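Number of protein chains: 2
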Amino acid sequence: MNIVVLAGGVGGAKLCHGIALSSGQEHLSVVVNTADDFELYGLHISPDLDTMMYTLAGIGNPQTGWGIAGDTFNNFDMLERYGVQPWFRIGDRDLATHLLRTQLIAEGMTLSAITQTLAQRLGVKARILPMTDDRVRTVVDTDEGLFAFQDYFVKLKWQPEVRSLIFEGAEEAHPTDAVLRAIEVADTIIIAPSNLYLSIDPILAVPGIKEMLLNAAAPIIAVTPIIAGESVKGPAAKLMRELGVECSAVAVAQHYADLLNGFVLDSRDAALEPRIAAMGIQTLVTDTLMTNLEARARLACEVLDFADRLRPEKLGGCCPDRLLPSS
Amino acid sequence: MNIVVLAGGVGGAKLCHGIALSSGQEHLSVVVNTADDFELYGLHISPDLDTMMYTLAGIGNPQTGWGIAGDTFNNFDMLERYGVQPWFRIGDRDLATHLLRTQLIAEGMTLSAITQTLAQRLGVKARILPMTDDRVRTVVDTDEGLFAFQDYFVKLKWQPEVRSLIFEGAEEAHPTDAVLRAIEVADTIIIAPSNLYLSIDPILAVPGIKEMLLNAAAPIIAVTPIIAGESVKGPAAKLMRELGVECSAVAVAQHYADLLNGFVLDSRDAALEPRIAAMGIQTLVTDTLMTNLEARARLACEVLDFADRLRPEKLGGCCPDRLLPSS
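Sequence lines, in order, name chains A and B. Here the working numbering is used: the first residue of the first sequence is 85, the next is one more, and so on. Here the working numbering is used: the first residue of the second sequence is 85, the next is one more, and so on.
Treat the hints with care, as some may be off.
No distinction is drawn between identical chains; accordingly, a pair holds when it is met within one copy or between any pair of copies.
Computed cross-link-like contacts, SDA-like style, restricted to lysine to any residue with a CA-CA straight-line distance of at most 25 angstroms [to be verified]:
| id | residue 1 | residue 2 |
| --- | --- | --- |
| 1 | 241 | 262 |
| 2 | 209 | 165 |
| 3 | 209 | 167 |
| 4 | 209 | 169 |
| 5 | 239 | 325 |
| 6 | 209 | 164 |
Calculated directly from the structure, the hints in this document are not laboratory data. Given the structure is predicted, the values throughout are model-derived calculations rather than measurements.
Take these sequences, add in the hints, and give me the full structure.
Here you go:
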């Protein structure tokens, strides 16, 4: 049973953690957005890869969703003492990841190989796959001008009004063989409840990935990041409004429509189900809010069972020791 | 009263701290060895500059002589978790210095300007002057082959037998204007009790510095790093034996003879005094072991008073509120 998840940071990591908790990590491959990567103090930082890695390693900070639980910020405090006003808080342990990655990149190692090495060291059994080893950077076109993603997201706290998104370098980027192969042999493909524009679209913008998904044998299921017209976290809902799109699970399903066999929407949006079904997409209505570890595992289990029902040949659903019966 | 000290790391920093404690930092310029600088995880590390800066800022670690007092090593622990076996322990706060320096170098700032900026931020009033802004690197030629300085010093714990030292890049290096100007206007020049071969010789190897010292109006005084045939710290004595030099204060005075007006040797070596005096060098015999802050200040005071006696025009010695009468 091969499971592939396309994911960004926090929301995607929660669902992947749920899969890990309910079905183990061995059969899980996660294709992760790297268009949020950036450089700080000369260090290569990959926020989504790190969030995924720390979460699957069980050392993620559950309060923030990013960084390492119990990390200290003495390096950060010293930078402040030097008069630097760092807009991006890096913990002392977290910094080790960036230092090593930067060094290994300088030595010519690919981001994929580095990610595999670091994740293995932390005991992660899932395959965490950067969408590409090439440089892709999200540029946000706003009413206040163009901004590099982290400037928009962290420095400006996603306040400027967005007009469009540019995935710089995407057209020339290549998906890695590992990504293409994972999609090819997948039994289930899940689009995580990550930001559709900022986390998933950059993955789909890497030439070859969308084509591979359109030809995939496995059912493709998206989990909504929008509940009752609001984002669970981050600027997804705000972006939908700014881009002139209906801010609802329906628009999310519409956004991915050509790829989807199934769509998971929240119980709070049950009334929207007929509109999604009308697109020819199978639906699962359930509680999608992953407020604790049990909720992560339960949602993952339900999504995997849903996938099993969409597959011509049954593979037996998610979990031998299923936490809850599928709804 | 302008005081210039040529110095390496720990021993030099102690004496400079003594000067700071007894006479203030305002009139102190320290020319610091940078031939020990190296790169780790892509970071530019300047061990002697940092030891001097932390010590003069009052945040140095008095136990180790390097690093920051009370620093944590969570970054280091995480690197170990990643399977890296870091041979150079960098504290979390200390790391901020290397990160900023590396970033500022990448932005085109000189090591001198960076050092001034960082030191000012930490409240250091003395001028800490890298001997050059150019790249000079000590290479140690040993019975086990050639080693970069930090490999010899930290990794191999200075165990291989040294045949000679190479200051790579020194011939093409330029002293900074600040270094030349400091020596020019100095009233007192002190060669710190640093390793003569590894800390002071690289400074003297930068073309122009030795010439400027030979023409200096100020008396030049060296303080011995050798007491009773042993180094206070580090490999100085071992190196003297390996290089076939008598391991004593006499050989230190001999090493610097063409530069010196005065030499400070330890009371334990009082019997050697006539041999140094016979070179035409004035001597001060005193307790040179700086075991605590009071000892640092007392030695500094005595050295500055000694300098005053060597100067044709008296400037009034070291300290209005002198800790001890000069011996």
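- Which numbered conditions among the earlier hints are violated in the structure presented, ordered from lowest to highest? 1
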